[in-house]
Amino acid sequence: MRSAFAIALVLAVLLPLPWLVHSDFWTNLVIMALYYGFLGQAWNLLGGYGGQFSFGHAAFFGTGAYASAVLQVSLGLNPWLCLALAAAAGALTGALIGALSFRYGLRGSYFALVTLAFAEVFRILADSLGFTGAGVGILIPLKESAANFQFASKAGFYLVILALNALGLACAWWIENSRFGARLLALRENEDAARALGVDVFRTKLAAITLSGALTALGGSFYAQYFLYIDPAIAYGPGVSVEALLVPIVGGLGTLFGPLLGAAALQLLNQLASAAMGEAPGLNLVLYGAVLVLMIMFMPQGLFGLARLSSRRLAGRAG
Amino acid sequence: MVELDILLPALLNGIMTGAVYALVALGLTLIYGVLHIINFAHGSLLMLALYGVYFLYTLLGIDPYLAFPIAVPAFFALGYGLQRSVIGYCGRGKDENILLVTLGLSLVIENLALYFWSADTRTISTSYSFATVDLGVAVIAVPRLVAFAGALVVAGFLWLLIHRTDLGKAIRALAKERQGAQLVGINVEHVFAMSFGIGIASLGAAACLLLPSYYANPGIGRSFVLIAFTIVVLGGMGSFAGALVGGLIIGVTESLGGLFLGESLGQLGIFLIFIAILLFRPTGLFGARPLSRP
Chain S
1 MRSAFAIALV LAVLLPLPWL VHSDFWTNLV IMALYYGFLG QAWNLLGGYG
51 GQFSFGHAAF FGTGAYASAV LQVSLGLNPW LCLALAAAAG ALTGALIGAL
101 SFRYGLRGSY FALVTLAFAE VFRILADSLG FTGAGVGILI PLKESAANFQ
151 FASKAGFYLV ILALNALGLA CAWWIENSRF GARLLALREN EDAARALGVD
201 VFRTKLAAIT LSGALTALGG SFYAQYFLYI DPAIAYGPGV SVEALLVPIV
251 GGLGTLFGPL LGAAALQLLN QLASAAMGEA PGLNLVLYGA VLVLMIMFMP
301 QGLFGLARLS SRRLAGRAG
Chain Y
1 MVELDILLPA LLNGIMTGAV YALVALGLTL IYGVLHIINF AHGSLLMLAL
51 YGVYFLYTLL GIDPYLAFPI AVPAFFALGY GLQRSVIGYC GRGKDENILL
101 VTLGLSLVIE NLALYFWSAD TRTISTSYSF ATVDLGVAVI AVPRLVAFAG
151 ALVVAGFLWL LIHRTDLGKA IRALAKERQG AQLVGINVEH VFAMSFGIGI
201 ASLGAAACLL LPSYYANPGI GRSFVLIAFT IVVLGGMGSF AGALVGGLII
251 GVTESLGGLF LGESLGQLGI FLIFIAILLF RPTGLFGARP LSRP
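Heads up: the protein sequence lines correspond to chains S and Y, in order. 319 is the number that my numbering gives the last residue of the first sequence; the numbers go up by one with no jumps. 294 is the number that my numbering gives the last residue of the second sequence; the numbers go up by one with no jumps.
Keep in mind that the hints were calculated from the coordinates and are not lab data. Predicted model only: the values in this text are computed from it and were never measured. C-beta: ideal position from N, C-alpha, C; glycine also. Be a bit skeptical, because a hint or two may be false.
[Said to hold, decoys possible] Some chain S residues near chain Y, calculated using beta-carbon distances under 10 Å:
1. L106
2. G108
3. F111
4. L116
5. N284
6. V291
[As the list claims (entries may be wrong)] Okay, the calculated bits of chain S under chain Y, using three or more residues with CB under 8 Å as the criterion:
7. 59-73
8. 238-250
Working from the sequences, and respecting the hints, build out all of it.
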């Protein structure tokens, strides 16, 4: 129950933020941190709690982004409805990729590579097919109104991404406190042992990737509404896949607040770097790569694990 | 029906490209076969090698084909060092960790290249860049023919190295049974690093062969890395013959796919093959070993 209170507390503290900072620059920064935190949480559900490392979460992200952009531009659907449909499309994509990969028992690196290949297939399709706008991408026409999911002030977007984070945290909390989550954690620790104990490994993994796909697609839909433009490289390119996995690895795999912490840390690092060295193409990815290598080498538990370790050490010293 | 005089050159071109793909994949398959790790940074290291050969030519005037004795040892040293420091340090724990570390390395290498050398595509023009030779059925650029022959020679050399030398014997022993190899006195860390070094050195060779008919830009590794994985998986992880045949198949697939479906959709075939092989025949065409380690 304590972790549920922690979630409520964190959300309550974050809620009034845009009305306290009065700055579009800082609000945007926090929105981006929350957005990466949400993507990271979506990845974390499958990768952190389930131990299935996907290198191709762009497949879900892009599907969500394209679903909501295509449906509202071509069919004139309401963007809020598109948000829901994007989640459904993401869930469907997740179920499809999961059913194929897990049915044939792909694990570890092979699962990672096959998800990457799926994302690339989607990227090429989006690049070649007509209804996605091909290489030109899709521009969502500006029509500012809350009913149209285009807010005049950044505070509106802030509330949406905060609500999405609440959803992501709720899912993670559910995994930590449900029988389903227990099965997922069991198969992460030892798949063969879990199967021997009667865990339906295939269905558990399938449920996890479906959920993760749906949430990631929500992130894609949010991205499309926030920036009003997507193209195949943004939606299905490797950038999103890397960011989605980096955030929870930095923050702490399979932890409730790890993705948010990781996203905040990476945003901070990004700002510091561009303040120190100026804007340069690729510089943030150099940092991300270096952080990824260093985290795996020296701090595989992530920032959250480090915090837990040191608090335990302090407690041990006191006792 | 497509005319034969379009089909045959496309086929031939595919075979030429395929041999170079195979050369890139050979290093990857060697590293996988011995160390059981998937080197995600393979493509970006190839990119680095291409830039190396490019700068040797533009700054020092060394012909790419003559850059062999520089590029190969340099990249061997780079690979040896990488394995001994970063990659070896992460141990042989969860194999995803190695994948993540090499992914991180590739991000660093690729984007440093973007930072220092900009996104411009660079080519070199040598006296033989535009020379062609008429093979009867098709006209082929000389540099591509050289790359094809060179790839076969390097592959043969690698085969000799693995099957006819003491080092090769140690590498094969290690690939089969790590503990046993250690017990008979093989220096495991050293041989691991040697294998990684040889795998990366073959990228140096590939770059020398590729550059005259190809180009260098920071993103080029990304297009190679999935193709190389596809070849390795197709041919069977760790199999040399598999990598050669796989390379040729992928080269031809890409070339024919491009002919029938257009440039961007043509690439689709490669990824679909990759997914299908991983799902339905994970041991590949020539691999006998099951995918998951015993």
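Tested hints:
1. L106: At 6 Å from the nearest chain Y Cβ, L106 (chain S) passes the 10 Å test, so the hint holds.
2. G108: 5 Å, holds
3. F111: 9 Å, holds
4. L116: 7 Å, holds
5. N284: 8 Å, holds
6. V291: 8 Å, holds
7. 59-73: violated (count 0)
8. 238-250: This one holds; 4 residues, not fewer than the three required, reach chain Y with a Cβ under 8 Å.
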